[in-house]
Amino acid sequence: DQQVKQNSPSLSVQEGRISILNCDYTNSMFDYFLWYKKYPAEGPTFLISISSIKDKNEDGRFTVFLNKSAKHLSLHIVPSQPGDSAVYFCAANSPYSGGSNYKLTFGKGTLLTVNP
Amino acid sequence: NAGVMQNPRHLVRRRGQEARLRCSPMKGHSHVYWYRQLPEEGLKFMVYLQKENIIDESGMPKERFSAEFPKEGPSILRIQQVVRGDSAAYFCASSPPREAEKAFFGQGTRLTVV
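Chains as they are written, first to last, in our numbering: chain A, 142 to 257; chain B, 128 to 241.
The following block holds chain B by itself, in its conformation from the complex (with noise of 0.2 Å):
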């Protein structure tokens, strides 16, 4: 699964600055998800996305939370004024379609906000 990069490993923010999580999936993976993992809770899904296409962000908050998958380029997870309460892991995975279940996850970027 080290084929799917994710960058920064590791961000700090100050409360209301902005956050830009950056996801480049595996080589001929179409398909991107985002994750997001709490502290002491388990990985809940954010986004689903194919290339300049949302396909399901029913598990986006309604506000600052934004996602993109262009035709060039990585997938971005943005956070716009960003609080406390969202510090945790952001993990993106990528897979072919129709294989989601399979999906490659990539390490993941620890978002600390203070």
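Just chain A, same shape as in the assembly (with noise of 0.2 Å):
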């Protein structure tokens, strides 16, 4: 069962526009959310998080929105540039790993394209 989904296997933007790609969960339980990027031939690297008690949490041009009754979470990028052109994955943690982050749930990823 996909207890995160990435429903939109691909989103295209320009340069400098909004890129915001979305996230559903069905597990009630999670209790923290992260996403990672990948780019072609490497690893996930982290990107930011936010925990439940928290609707939203900004990075730089990155901000995650979370909405709990929905079970639905948000990543926009602001601007968006070139090299934001990567797989972007979202994931929850369980919360049955006593505190630490480590039992993540992936959705499938969404292709960002940025074009310049």
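These are computed hints drawn from the structure, not numbers from a lab. Since this is a predicted model, take the numbers as computed values, not measurements. Just so you know, not all the hints are guaranteed correct.
Stated by the list, open to error - Partial pick of chain B residues on the chain A-facing surface, computed with a CB cut under 10 Å:
| hint | residue |
| --- | --- |
| 1 | Q133 |
| 2 | R136 |
| 3 | H158 |
| 4 | Y162 |
| 5 | E168 |
| 6 | G186 |
| 7 | S222 |
| 8 | A227 |
| 9 | E228 |
| 10 | A230 |
| 11 | F232 |
| 12 | G235 |
What the hints assert, rightly or not - Lysine-lysine pairs mimicking DSS-like chemistry, simulated, CA-CA at most 27 Å apart:
| hint | chain 1 | residue 1 | chain 2 | residue 2 |
| --- | --- | --- | --- | --- |
| 13 | A | K195 | B | K154 |
| 14 | B | K229 | B | K171 |
| 15 | B | K171 | B | K154 |
| 16 | A | K244 | B | K178 |
| 17 | A | K249 | B | K178 |
| 18 | A | K146 | B | K229 |
| 19 | B | K171 | A | K249 |
| 20 | A | K244 | A | K212 |
Beta carbons: idealized from backbone N, C-alpha and C, even for Gly.
Got two chains here, separate frames each, mind docking them using the hints?
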């Protein structure tokens, strides 16, 4: 069963515009959410995270929003740059990992292409 | 994240053979995590190890799969008697203690079972 869903396999935006990547989850027990970025032939790289006690976290051009009632989170990139072109994975942490965020469940990823 | 080294990058095995995947963590990292990405799916947690100790193997299949992280040398993920369904990308990540969410991932090993 896919507990973390990224329903858009790909997204294309113009340089300078906003990129919005979406993620839905089904397990209401998830308490910590993360976004990773992955370039071809590389492993995922941690980007930004958010705890379930917050609804927004911002880091430079990246902002993650969490809507717990809708079990939905999104990653906003403003302004988008060509170097942001990559696959973005949403991940959620199981609450059964003793507070250590390693037992992650990932979505399938969304390929973001930022056109110059 | 180039500091986490996985080898081989690609591994082809015939059904019934053994696959051994290696992961050398970043310098100073004592915690290792293995994830598997099946085709058309996201990464899924398999096992969490510290040196000479398995902390959590709840994501490991019950049979044929084992993992170790010896005092010296890389962490090894071992798959015995591989089947076609084991074909996947296997990622290793490492971190210092209590910083699992910021773990650095390796480039992965793509296992193909023919």
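Going down the list of hints, with the structure as the test:
no., hint, in the structure
1, Q133, "holds (8 Å)"
2, R136, "holds (8 Å)"
3, H158, "holds (8 Å)"
4, Y162, "holds (8 Å)"
5, E168, "holds (6 Å)"
6, G186, "holds (7 Å)"
7, S222, "holds (8 Å)"
8, A227, "holds (4 Å)"
9, E228, "holds (4 Å)"
10, A230, "holds (7 Å)"
11, F232, "holds (3 Å)"
12, G235, "holds (6 Å)"
13, K195/A <-> K154/B, "violated (33 Å)"
14, K229/B <-> K171/B, "holds (16 Å)"
15, K171/B <-> K154/B, "holds (25 Å)"
16, K244/A <-> K178/B, "holds (18 Å)"
17, K249/A <-> K178/B, "violated (31 Å)"
18, K146/A <-> K229/B, "holds (22 Å)"
19, K171/B <-> K249/A, "holds (10 Å)"
20, K244/A <-> K212/A, "holds (19 Å)"
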